[in-house]
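Novice: Below are the chains, spelled out letter by letter.
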Amino acid sequence: MTTIDKTAGLPEPRSGRDGGTPLLEVRDLHVEFHTRDGVAKAVNGVNYTVDAGETLAVLGESGSGKSVTAQAIMGILDMPPGKIPQGEILFRGEDMLAMSNEERRKIRGQKIAMIFQDALSALNPVLSVGYQLGEMFRVHQGLSKKQAKAKAVELMERVRIPAAKERVNDYPHQFSGGMRQRIMIAMALALDPDLIIADEPTTALDVTVQAQVMDLLAELQQEFNMGLILITHDLGVVADVADKIAVMYAGRIVETAPVHELYKRPAHPYTRGLLDSIPRLDQKGQELYAIKGLPPNLTRIPTGCAFNPRCPKAEDICRTETPVLHQVTEQGGGEIAGRGSACHFWKETIHG
Amino acid sequence: MGRYVARRLLQMIPVFIGTTLLIFLMVNVLPGDPVAALWGDKPPDPAQMAIIRKDLGLDLPLWQQYLNYLGGLLQGDFGTTIAGNRPVLDQMTDAFPVSIRLGLMAFTFELVLGLFFGVLAGVKRGKVIDTGVTVFTLMVISIPVFVLGLVSQQVFGTQLGWVSPNVKDSMDMAQLVLPAIVLGSLSLAYVARLTRTSIAENARADYMRTAVAKGLPQRRIVSMHLLRNSLIPVVTYLGTDIGALMAGAVVTEGIFNVQGVGQLLFEALARREGSIIVGIVTVFVLIYLLANLLVDLLYAVLDPRIRYA
Amino acid sequence: MPENTLKKDKPTVEEPAVAVAEAGPAPDKPRSLAADAWADLCRKPLFLLSGLLILFLLLVSAFPGLFSSTDPTAGDLSKHFLTKPELSHVFQPDWFGYDNQGRSIYARVVYGTRVSILVGVGVTVLVTVVGGLMGMLAGYFGGIWDTLLSRITDVFFGIPFILGAMVVLNAFTERTVWTVIGALAFLGWTAIARVMRGAVITARHADYVLAAKALGAGTSRILFRHILPNAIAPVIVVATIQLGVYIVAESTLSYLGLGLGTNEVSWGGDIDTASDHIRNAPHILFFPAGMLSITVLAFIMLGDAVREALDPKLR
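Line by line, the protein sequences give chains A, B and C.
Quick note: the first sequence uses UniProt numbering, first residue 1, plus one each step.
Quick note: the second sequence uses UniProt numbering, first residue 1, plus one each step.
Quick note: the third sequence uses UniProt numbering, first residue 1, plus one each step.
Note that these hints are calculated values from the structure, not bench results.
Incorrect hints may appear among the rest.
To be verified - Think about it this way: if two alpha-carbon atoms lie no more than 30 Å apart in a straight line, the pair counts; the simulated DSSO-like pairs of lysine-lysine are:
#1 Lys-83/A <-> Lys-124/B
#2 Lys-292/A <-> Lys-313/A
#3 Lys-83/A <-> Lys-44/C
#4 Lys-264/A <-> Lys-284/A
#5 Lys-264/A <-> Lys-292/A
#6 Lys-213/C <-> Lys-124/B
#7 Lys-146/A <-> Lys-106/A
#8 Lys-284/A <-> Lys-313/A
#9 Lys-146/A <-> Lys-264/A
#10 Lys-292/A <-> Lys-347/A
#11 Lys-83/A <-> Lys-106/A
#12 Lys-106/A <-> Lys-124/B
#13 Lys-264/A <-> Lys-313/A
#14 Lys-54/B <-> Lys-42/B
#15 Lys-165/A <-> Lys-145/A
#16 Lys-146/A <-> Lys-165/A
#17 Lys-145/A <-> Lys-106/A
#18 Lys-106/A <-> Lys-165/A
#19 Lys-83/A <-> Lys-127/B
#20 Lys-106/A <-> Lys-127/B
#21 Lys-213/C <-> Lys-127/B
As the list claims (entries may be wrong) - Calculated Cβ distances over 12 Å to all of chain C for the following chain B residues:
#22 Pro-44
#23 Arg-53
#24 Leu-58
#25 Gln-64
#26 Asp-77
#27 Phe-116
#28 Leu-120
#29 Ile-129
#30 Val-177
#31 Ser-223
#32 Val-235
#33 Val-250
#34 Arg-272
Note that beta-carbon positions come from the ideal geometry of N, C-alpha and C, so glycine has one too.
This is chain A alone, in the form it adopts within the complex (with noise of 0.2 Å):
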């Protein structure tokens, strides 16, 4: 297996952290729209973490603010009508937002990468996908045309995508999609970046070829010791591959934890819906439980916590007071380590 040269500025070696800095560091992140409808308010605070070579899973539905933060993080975000009021997203502890656009442009591909969840719309159909492979090496490090076919063709092959060379002058249209998620997650590749954000890479694939997918993702992450993000809606998928999870609802965290913490015992009413709405075996012939209700609007969220009008175990403290992300112990009271719940109620969650 051919690896691809390290850019020369990369730090070496990466450890899971350098001098306690984590690779990648977002602090108290906010986003709005400017909509006609009103200010939309997409991301609320968001914090999270993810070091060299570890998986973090952020969960939410659709409108949770999951795939606005990764874009807010990417420095893809539509602006306007987005917005970055207040917040810091540090890469290496050194602060992206406050950087000018030709370093953030160097560290998009080169340093963090990100693969997006519909290939076929995602990838440039007029151009061949060894063009776009090489075109990371082309415009990165200067390589002339021809190596940057080969370097493509290597790519393709580190995906294993069959008869690469062959391939390399085809177009996306020509490929299935598995392949072309492949191509994307190899795109993402090609500099080695330190992280690699994935915006629900599998959900617009065949059941069967998403496991191939992620397997690929995952043994790449390994070999090179990404960070990754991994954004979805499907829990399936991240009890495989994440190391932690973190739950968004309306623009905020609702819950963070160790993956398999989490499914265990949820802190957050949310998650325990979202567990009980998967369908299982032993539960065949019984109705399924669903969270009543829809996600907020996001000009209008409701005061207090934002969950509280779909909740069932909601007080009249829930609908006043915003929860903060409490800090989520054992009943004897020692702390778990990575545990969070934004609820006022985690305890009775959690151990009742």
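Starting from the known structure of chain A, fit chains B and C onto it as the hints suggest.
Specialist: This is chains B and C only, laid out in the frame that chain A set:
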């Protein structure tokens, strides 16, 4: 590719026959007698009229006249005029080069400036330059070409004296510049608008977001990823527009006194010379059909999703 | 059937049925496309401006007498065309000056509105009905119908519009508004037919049409209740924009002397008259040409606004 072209050429035949038949019928079925027109305002002599009719085959049933015409056409014979008995082809070979030259000049003008303004407005969407282009194109579209021709002839020709108001030598390219600009202006505005819309639409495409996420410089994103996708509908428009330009030349030539197809057509209309009218329109139809074929082929070059088998 | 909770809230956290874009949340009350488009239009200054202008033009063309009491055909040779327009004499016969036959230009501009509007609206209605029907038949029935109708459309489309109209109109010695409308519609229906055919073909394969078929809906019901409402939007857009084109076509033909007879009041004819005196009396050209341009502009702007409102892609 070769087979596709052959098939398309074959498909053109019924359309070509249909169009010539239609224009033939329009000229011959509708009221008006070209032979009587030979006498001008004087009462025509019936005996002489019958002789002329017989000579020209105008006494035959209409379908036979059409078949004769079509048969001649296949051998490159466009028939003869009623007055003077001159071959129609001769008159057309005098007039068409002038009009085609005028049309090509107008086409170049519309293509270059239309694309330039369109791309400028599309990339700088919402900025002052965008508003400027939008207002300019709206104005050009709403002022009819003949008004624009009359006004620019007056202003640039008569008052400013930059060009001579009437074209004296129709083969002189320099003298055709103003008529060509007038002729191409409407299409220029359409090309600019179409390009702008197309760019604005494509700028929101997912692959544009990918291009940004790849860390490509703005210049490259626009030139490599945005433009090529955006040009596809513009090419289609340009193809259909070649025919429209040739037809528009008829009006423009009249204003600037260019001795092209327009003049020939006006004379033919006034004298009801059916064979000239049918001949001119036939050539226009041919140009239109071939331009469309060219566009379809160009389409496949620009968009790999389209395959011709 | 009991309330289906499964359908309302999906088990896994999937996209909700109403696509709530992350960027712009959907309004609380769902609006129909038409209502949405209308609400959108009413907010657009472009639409309001062009709409008001068109209403005004319709009013002028319906009741020209309200705006000018002068007979537009009455010449008074004592009023020379070199007399400068009296721009302060608003609504008076000499407001815009006189033409070479001493006729009030103001009156002629007012009365000329009728021809332009009549031709524009008349041709548009005709081509929408004829072309729409042709396109619908070709698109819905396909097969031999499609081949036949599409070839016929190609044949008509191949003839340059103005040129064809010149040939047709040249045959008539007595030309009225209706002759011009007929000639333009005869050659102009193809644009609508092509758009309608494309839209119908797209709609025909849509799932809701298959669903209607599966439920046993008849052909006419499918065509008029399911396909037409979904295919009509592009047709409306093209028809609105074409309306301006027909107005230009009429004036061009009248300018060339192949449109309306000289006893009819038409802006194109007046521009033809003015072109001989453009050097000494540019105002004879300016007023009819200006009105013509404003009218065309109004319809183009209306078409633009309608297209933006009806095309969700441009939102």
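Novice: Indicate, hint by hint, whether the structure satisfies it.
Specialist: Comparing the hints with the structure gives:
1. Lys-83/A <-> Lys-124/B: It holds: about 20 Å lies between the C-alpha atoms, which stays within 30 Å.
2. Lys-292/A <-> Lys-313/A: 13 Å, holds
3. Lys-83/A <-> Lys-44/C: OK: Lys-83/A and Lys-44/C at ~25 Å, within 30 Å.
4. Lys-264/A <-> Lys-284/A: 21 Å, holds
5. Lys-264/A <-> Lys-292/A: 23 Å, holds
6. Lys-213/C <-> Lys-124/B: At roughly 47 Å apart (the allowed maximum being 30 Å), Lys-124/B and Lys-213/C break the hint.
7. Lys-146/A <-> Lys-106/A: 23 Å, holds
8. Lys-284/A <-> Lys-313/A: 26 Å, holds
9. Lys-146/A <-> Lys-264/A: Roughly 53 Å between the alpha carbons, so the hint for Lys-146/A and Lys-264/A is violated.
10. Lys-292/A <-> Lys-347/A: 23 Å, holds
11. Lys-83/A <-> Lys-106/A: With Cα atoms ~22 Å apart, Lys-83/A and Lys-106/A stay inside 30 Å; holds.
12. Lys-106/A <-> Lys-124/B: Roughly 24 Å between the alpha carbons, so the hint for Lys-106/A and Lys-124/B holds.
13. Lys-264/A <-> Lys-313/A: 20 Å, holds
14. Lys-54/B <-> Lys-42/B: 21 Å, holds
15. Lys-165/A <-> Lys-145/A: Holds, at roughly 15 Å.
16. Lys-146/A <-> Lys-165/A: Roughly 13 Å between the alpha carbons, so the hint for Lys-146/A and Lys-165/A holds.
17. Lys-145/A <-> Lys-106/A: 20 Å, holds
18. Lys-106/A <-> Lys-165/A: Since the Cα atoms of Lys-106/A and Lys-165/A sit roughly 29 Å apart, the hinted pair holds (cutoff 30 Å).
19. Lys-83/A <-> Lys-127/B: Judged against 30 Å, a Cα distance of about 19 Å means the pair holds.
20. Lys-106/A <-> Lys-127/B: 27 Å, holds
21. Lys-213/C <-> Lys-127/B: Violated, at roughly 49 Å.
22. Pro-44: Its Cβ never comes within 12 Å of chain C, the nearest being 16 Å, so this holds.
23. Arg-53: 18 Å, holds
24. Leu-58: 16 Å, holds
25. Gln-64: Its Cβ never comes within 12 Å of chain C, the nearest being 21 Å, so this holds.
26. Asp-77: 21 Å, holds
27. Phe-116: The claim stands: Phe-116/B keeps its Cβ more than 12 Å from every Cβ of chain C (closest is about 21 Å).
28. Leu-120: 19 Å, holds
29. Ile-129: 19 Å, holds
30. Val-177: 21 Å, holds
31. Ser-223: 23 Å, holds
32. Val-235: Non-interface label stands for Val-235/B: nearest chain C Cβ at 18 Å, farther than 12 Å.
33. Val-250: 6 Å, violated
34. Arg-272: 8 Å, violated
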